[in-house]
Structure formats: structure tokens, C-alpha cells
Amino acid sequence: MSGLDGLIRMWKSKQFYTTLWLISGMKKSTLDLLLLGVAHSLNHSLFLVLPPLMTTIADDLNTSFGTIGIISTITFLTYGTGALIGGPLSDRIGSLKVAQISIGLGGLMSAVFLFANNVFIFGVGMFLMALWASFYHPTANGLIAKAFPENTGGSMGIHNAAGNFGQVLTPTVAFFLGVTFSWRMSFVFFGAMSVVTALLLNRIDVNEGALERNTT
Numbered sequence: 001m002s003g004l005d006g007l008i009r010m011w012k013s014k015q016f017y018t019t020l021w022l023i024s025g026m027k028k029s030t031l032d033l034l035l036l037g038v039a040h041s042l043n044h045s046l047f048l049v050l051p052p053l054m055t056t057i058a059d060d061l062n063t064s065f066g067t068i069g070i071i072s073t074i075t076f077l078t079y080g081t082g083a084l085i086g087g088p089l090s091d092r093i094g095s096l097k098v099a100q101i102s103i104g105l106g107g108l109m110s111a112v113f114l115f116a117n118n119v120f121i122f123g124v125g126m127f128l129m130a131l132w133a134s135f136y137h138p139t140a141n142g143l144i145a146k147a148f149p150e151n152t153g154g155s156m157g158i159h160n161a162a163g164n165f166g167q168v169l170t171p172t173v174a175f176f177l178g179v180t181f182s183w184r185m186s187f188v189f190f191g192a193m194s195v196v197t198a199l200l201l202n203r204i205d206v207n208e209g210a211l212e213r214n215t216t
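Heads up, the sequence shown stops at 216 in this note's numbering, and the numbers go up one at a time, no gaps.
Possibly wrong hints are sitting among the right ones.
As the list claims (entries may be wrong) - Simulated restraints, written as ranges between beta carbons of each label pair: (1) 114 / 168: 39 to 47 angstroms; (2) 81 / 51: 32 to 40 angstroms; (3) 164 / 185: 19 to 27 angstroms; (4) 161 / 92: 23 to 31 angstroms.
Hint data in this document are derived by calculation from the structure and do not stem from the laboratory. All figures in this text were calculated on a predicted structure; none of them were measured in a lab. Just so it is clear, CB atoms sit at the ideal spot from N, CA and C, and this is done for glycine as well.
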């Protein structure tokens, strides 16, 4: 078990990720920004699995497009209003931590779809995924401002472009996975990528001092 514990400690070590990425020859700040771009992309991707597979999902769950539409409406209302929680929460516990929680738990909720044998469980999965994922956007803005103080505007532009890039690619990838394996595995694929990305965000160094003082 000591060898396994050592591997786990290495996996969680910021120095491990720093060394791994620096080997590629890219600047750490560039890779940090690319990683945040991936996180932004996946934050949208979680909800773009449904549209190209809606017919398959509706048939499998023996439900109607109307019911799926109601679930989608509730999902995106949750995703939008949850930002009102994410912003203040990042002020209290730190933007990086909230970003990791949002991406990680949002992705983890995709596991609910493995047990979704009816439309009610499917709806619960969509709601929980939207609730956690909703914290990301207001948090990411503050995180980028602190992590990239010398080029904040440009960094936000790259971050937003990466999110749009994910929106372009996700439906095609989701459809391919859905018809090749199952619609459930399509959700889980993007969810698993989100969890891994949340762990990788641990490598980003950001000064949260100002936020911590606001809580005292």
C-alpha cells in the first residue's frame, strides 16, 4: 500500500503537474490558461450532449419531446440562476476552489445517468449537473483576473473562445459516442473529462489573499 500511497501523493502534487507540463516546453502560464479554457469548454459540453441524442433518449426512456423540453427548461434556469450562488461563494472560499468544485461535481453528476431507467431519474441528473456547473462562470472571471493580472482582457478572450470551441465540437462527439455505445456513456465521457480537469486545476497558482480578507 505504501507504493500506492506514494503514487496518490504524486498525483495530487502541484510539483508533479508543473514538471510534467514544463517538459512540453510551454510556459506554465500558457498551460494554465489552456487548462481553464478546457474547463470552460467542458462546462458547456455537459449540456450539449442532450440535443443531438434527444430522439434516442426520449425513445429509451419512453417519454415525449415535450417532457424532455420541460426538463431542459428547468436545467437551464438552474444553470443560469446558480451563478448568483457561485459568485458570492467564490468571495468566501476562493475562486479556484469553487471552480474545481463546480467542474468536478458537475461532471460527477453525470454518473446519475448510468441509473436513469426513467425520465424522473434523468431529470434529477440534469438538475444536479446544472446546479453544480452553474457556479463556474462568475467564479472563472475572478479567477482569471487574479491568475493573469498582466493580461486579463486577453486571457478572458482566450477563455471565452475555448468555451465556444467546445460548443462547436461537443454535439458531433456526443452523437458519435451515443450511437456507437449509448447515450449514457456520452454523458459519462464528458463528465469524466470534467472530473479530471477539476483535479488538474490544482496546478494553478493564484493569490486568493484579498478574498480571504473579505471573509473576516
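The hints, checked one at a time:
In this structure the supplied range 39 to 47 angstroms is violated for residue 114 paired with residue 168, their Cβ-Cβ distance being about 27 angstroms. Our hint of 32 to 40 angstroms for residue 81 and residue 51 is violated, since their Cβ atoms are close to 21 angstroms apart. The hinted window of 19 to 27 angstroms between residue 164 and residue 185 holds, with their beta carbons roughly 25 angstroms apart. At about 30 angstroms, the beta-carbon gap between residue 161 and residue 92 stays in the expected band of 23 to 31 angstroms.
Checked against the numbered hints given earlier, the structure breaks hints 1, 2 and satisfies all the rest.
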